[in-house]
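> Letter by letter, the chains look like this.
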Amino acid sequence: MNSFFAFLLSIRWQDIIDVLLNSYILFRLYVLFRGTNVIRVLAGIALLWIFQRMAVALGLIVTSWAMQGIIAGATLIIIIVFRNEIRNVLQAKNLRALLWEFPQKSEVMPIEAIVQGVYELARQRIGALMVFPGKEGLDEMIQGGLQWGGLVSKEMLVSVFWNGNPAHDGAALIQGNRVTRVGGILPLSLRDDLPKYYGTRHRAAAGLAEQSDALVIVVSEERGSVMAVKGSIFTPIGDNVALERILAEHLGTARAQDDHLSVRRESKELTIAAVICVLCMAGVWFSFAKGMETLTSIEVPLEYLNRDPQTQIHSTSANTVRLHLSGSAALIGSLRLDQVKVKLDLSSAVSGQNSYMLSNENIVLPPGLRLNRIEPSEVKVALDVPATKEVAVQVDWVGALPSGLILESAAVTPGKVKVMGTQRILDRIETVYTEKIALENLKTSGQISVALALQPRALKIAEGGREKVEVSYAIGRRPN
Amino acid sequence: MTSNIPERSARWKCAARMAGLMLLFSGMTMGASGPAHAAEAPPEPGNATIRLVRAVMCESIDGYEPKYIAVAFSINAGRISCYTLFDDVADTTVVDHKWYRQDELVTTKRLTIKPPKWATYSSIQLREEDKGPWRVEIWNAQSRLIKTLRFSVID
Numbered sequence: 001m002n003s004f005f006a007f008l009l010s011i012r013w014q015d016i017i018d019v020l021l022n023s024y025i026l027f028r029l030y031v032l033f034r035g036t037n038v039i040r041v042l043a044g045i046a047l048l049w050i051f052q053r054m055a056v057a058l059g060l061i062v063t064s065w066a067m068q069g070i071i072a073g074a075t076l077i078i079i080i081v082f083r084n085e086i087r088n089v090l091q092a093k094n095l096r097a098l099l100w101e102f103p104q105k106s107e108v109m110p111i112e113a114i115v116q117g118v119y120e121l122a123r124q125r126i127g128a129l130m131v132f133p134g135k136e137g138l139d140e141m142i143q144g145g146l147q148w149g150g151l152v153s154k155e156m157l158v159s160v161f162w163n164g165n166p167a168h169d170g171a172a173l174i175q176g177n178r179v180t181r182v183g184g185i186l187p188l189s190l191r192d193d194l195p196k197y198y199g200t201r202h203r204a205a206a207g208l209a210e211q212s213d214a215l216v217i218v219v220s221e222e223r224g225s226v227m228a229v230k231g232s233i234f235t236p237i238g239d240n241v242a243l244e245r246i247l248a249e250h251l252g253t254a255r256a257q258d259d260h261l262s263v264r265r266e267s268k269e270l271t272i273a274a275v276i277c278v279l280c281m282a283g284v285w286f287s288f289a290k291g292m293e294t295l296t297s298i299e300v301p302l303e304y305l306n307r308d309p310q311t312q313i314h315s316t317s318a319n320t321v322r323l324h325l326s327g328s329a330a331l332i333g334s335l336r337l338d339q340v341k342v343k344l345d346l347s348s349a350v351s352g353q354n355s356y357m358l359s360n361e362n363i364v365l366p367p368g369l370r371l372n373r374i375e376p377s378e379v380k381v382a383l384d385v386p387a388t389k390e391v392a393v394q395v396d397w398v399g400a401l402p403s404g405l406i407l408e409s410a411a412v413t414p415g416k417v418k419v420m421g422t423q424r425i426l427d428r429i430e431t432v433y434t435e436k437i438a439l440e441n442l443k444t445s446g447q448i449s450v451a452l453a454l455q456p457r458a459l460k461i462a463e464g465g466r467e468k469v470e471v472s473y474a475i476g477r478r479p480n
Numbered sequence: 001m002t003s004n005i006p007e008r009s010a011r012w013k014c015a016a017r018m019a020g021l022m023l024l025f026s027g028m029t030m031g032a033s034g035p036a037h038a039a040e041a042p043p044e045p046g047n048a049t050i051r052l053v054r055a056v057m058c059e060s061i062d063g064y065e066p067k068y069i070a071v072a073f074s075i076n077a078g079r080i081s082c083y084t085l086f087d088d089v090a091d092t093t094v095v096d097h098k099w100y101r102q103d104e105l106v107t108t109k110r111l112t113i114k115p116p117k118w119a120t121y122s123s124i125q126l127r128e129e130d131k132g133p134w135r136v137e138i139w140n141a142q143s144r145l146i147k148t149l150r151f152s153v154i155d
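Protein chains in written order, with this note's numbering: chain U, 1 to 480; chain V, 1 to 155.
Because the hints were derived from the structure by calculation, they are not lab data.
Among these hints, one or two may not hold up.
Keeping only pairs whose Cα atoms sit at most 25 Å apart, straight-line, the calculated PhoX-like set for lysine-lysine is [to be verified]:
#1 V/Lys98 / V/Lys131
#2 U/Lys389 / U/Lys341
#3 V/Lys114 / V/Lys131
#4 U/Lys389 / V/Lys98
#5 U/Lys418 / U/Lys436
#6 U/Lys416 / U/Lys460
#7 U/Lys418 / V/Lys147
#8 U/Lys389 / U/Lys343
#9 U/Lys416 / V/Lys114
#10 U/Lys436 / V/Lys114
#11 V/Lys98 / U/Lys443
#12 V/Lys131 / V/Lys147
#13 V/Lys147 / U/Lys389
#14 U/Lys416 / V/Lys147
#15 V/Lys98 / V/Lys67
#16 U/Lys389 / U/Lys468
#17 U/Lys468 / V/Lys131
#18 U/Lys418 / U/Lys380
#19 V/Lys114 / V/Lys67
#20 V/Lys131 / V/Lys67
#21 U/Lys196 / U/Lys154
#22 V/Lys147 / V/Lys114
#23 U/Lys460 / U/Lys389
#24 U/Lys436 / U/Lys416
#25 U/Lys436 / U/Lys468
#26 U/Lys416 / V/Lys131
#27 U/Lys443 / V/Lys131
#28 U/Lys436 / U/Lys460
#29 V/Lys147 / V/Lys67
#30 U/Lys460 / U/Lys443
From the structure, some residues in chain U lie toward chain V, with a derived Cβ separation under 7 Å [claimed, not checked]:
#31 Ala400
#32 Glu408
#33 Tyr433
Every value quoted in this text rests on a predicted model; they were computed, and no experiment measured them.
Every residue gets a Cβ at the ideal spot worked out from N, C-alpha and C, and that includes glycine.
Kindly produce the complete structure, drawing on both the sequences and the hints.
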């Protein structure tokens, strides 16, 4: 119980915004794409992603790699395959519709007018093909035709399929109370069990019905008969009551016929969708930000800031500190060293030894990670003021003279140089040495110019001083 | 080297005493020849009682004279010495030979000198790890630096 409360207390306001914002984005995607195949494919991809995360958690390297590839491919495919539906959603709607408006369910379909229209067509022996979409989008299946938006009425249906109408040949798409498309070309069925007297119109109705959940009504031009096609089933319609019943069943209005019930059902559906979106995002957030809590430790260099320019850092008890961090496996796994900084403000430091206790205030971490421990927790910094000192110069001879020779004397010009460094360094130094001079090649007395080898590196030649010195040496023959 | 200091100290004390005595009885002839590389030091201000006449680094002392005076000594020499000759010694006093390898004090040898003229020296045994730049500082009884001799121990 305590750990649950600790978990609740660890949730930041950014986390809540994070979950709500992404839930809303997911919910808007659902609202915009509901009723299309995109939603189903997205659900499939989400399922693949869950499998991929499980594979990662279980250490199934090849599986997780394959899943990752499939998800990447599927994401690309969804954009290509459903480009029309995506385009329709994005183009047809303005910014307000995209961000917060709820598209109203289609207007209630005037079933009675449709029934009357169908039977008028049948009576006049006018061939007709009407498509009533289900929940699936049909944009990919219906080719050609003209976009339209005429209100459905008996007269309108008759005129659409009247022989003199240039767009009479093809299917009419009826959505809500409007004819949204006329002259559409449907995919033909490849079935070989259809009666021989079924013409192209029937094959087209069968083709679309097989591939979708749409209801297709066919009016035969030759016989004046009416046929309803759904799935792979052809249902001959004997009278207007049967047609009314089939249409009502397909539209789901057989029992809930009044608008009030329809609105309530839609509100319920959207509420459930919103809750599922929030739960999904909370789950995703938990798996990323809180799930699979992992510990790690990293070595981070110390950054010393705001040092008085008059002083120099002489020594520090630590140049790096080890940070023990905790967070989700995903955050820990993606952690880069440059995202973590340990800063020590030396603005209040004085010349001499300074001691600092490191705390959270000194540490910069990416969001979501927590600092558990710092090693060492205390850092000592010794500051010193630069000074100068005159020290003797000595030649650093190395190697060996050729046999029988002896280096009798050597003189350095200048014999002393002024060097600059912190007081602590200068206190330890009495001599600076030249670069090493090899004796092997020296056979006679002479003079050479040689640079100074300043140690430690913090030691510098004072301003105006010489980096090189002249060495005069005398070589004699070794007496027997 | 440090482990040899007591033994070495006893040896050079004995040798210094002998050298001093010999010099005393031989008419103080050692100060006649100057060192090869170290110029004779001027009288030290505030130290009128002794005067450093000669200070050299050498491989050995032979016949009360430094032999093989140099500023670079092969490790194969085995032993090197710091030879000093004082004049105008009014009273018996001491001088210190401080041996430094780079800036690290390796050993300090306290040597007694007696009136009126006295030569003395200190030595160290060389080892492989002794290669590098050295210096010997000569300090009087008043802790005043009289002279610094610089040399290297080489291959």
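> Regarding the pair U/Lys468 and V/Lys131, is the alpha-carbon distance no greater than 25 Å?
Judged against 25 Å, a Cα distance of about 23 Å means the pair holds.
> Holds or violated: V/Lys98 with V/Lys67, Cα cutoff 25 Å?
holds (21 Å)
> Does the alpha-carbon distance linking U/Lys418 and V/Lys147 stay inside the 25 Å limit?
Distance of about 20 Å is within 25 Å: holds.
> Next pair to validate is V/Lys114 with V/Lys131; report whether the Cα-Cα distance is within 25 Å.
Roughly 34 Å separates the two Cα atoms, so the pair is violated.
> Taking 25 Å as the top limit, are the C-alpha atoms of V/Lys131 and V/Lys147 close enough?
holds (22 Å)
> Is the Cα-Cα distance between U/Lys389 and V/Lys98 25 Å or less?
Roughly 22 Å between the alpha carbons, so the hint for U/Lys389 and V/Lys98 holds.
> Is the Cα-Cα distance between U/Lys460 and U/Lys443 25 Å or less?
It is violated: about 33 Å lies between the C-alpha atoms, which goes past 25 Å.
> Hey, U/Lys389 versus U/Lys468, does the alpha-carbon distance stay inside 25 Å?
Distance ~17 Å between U/Lys389 and U/Lys468 Cα, so the pair holds.
> For the pair supplied as a hint, U/Lys418 and U/Lys436, confirm whether the alpha-carbon distance does not exceed 25 Å.
With Cα atoms ~20 Å apart, U/Lys418 and U/Lys436 stay inside 25 Å; holds.
> Can you verify the interface hint for U/Tyr433: is its Cβ closer than 7 Å to any Cβ in chain V?
Since chain V brings a Cβ to about 6 Å from U/Tyr433, closer than 7 Å, the hint holds.
> Against the 25 Å threshold, does the CA-CA distance of U/Lys416 and V/Lys114 hold or violate the hint?
violated (34 Å)
> Given the hinted pair V/Lys147 and V/Lys114, is their Cα-Cα distance within 25 Å?
holds (19 Å)
Checked against the numbered hints above, the structure breaks hints 2, 3, 8, 9, 10, 11, 18, 21, 30 and satisfies the rest.
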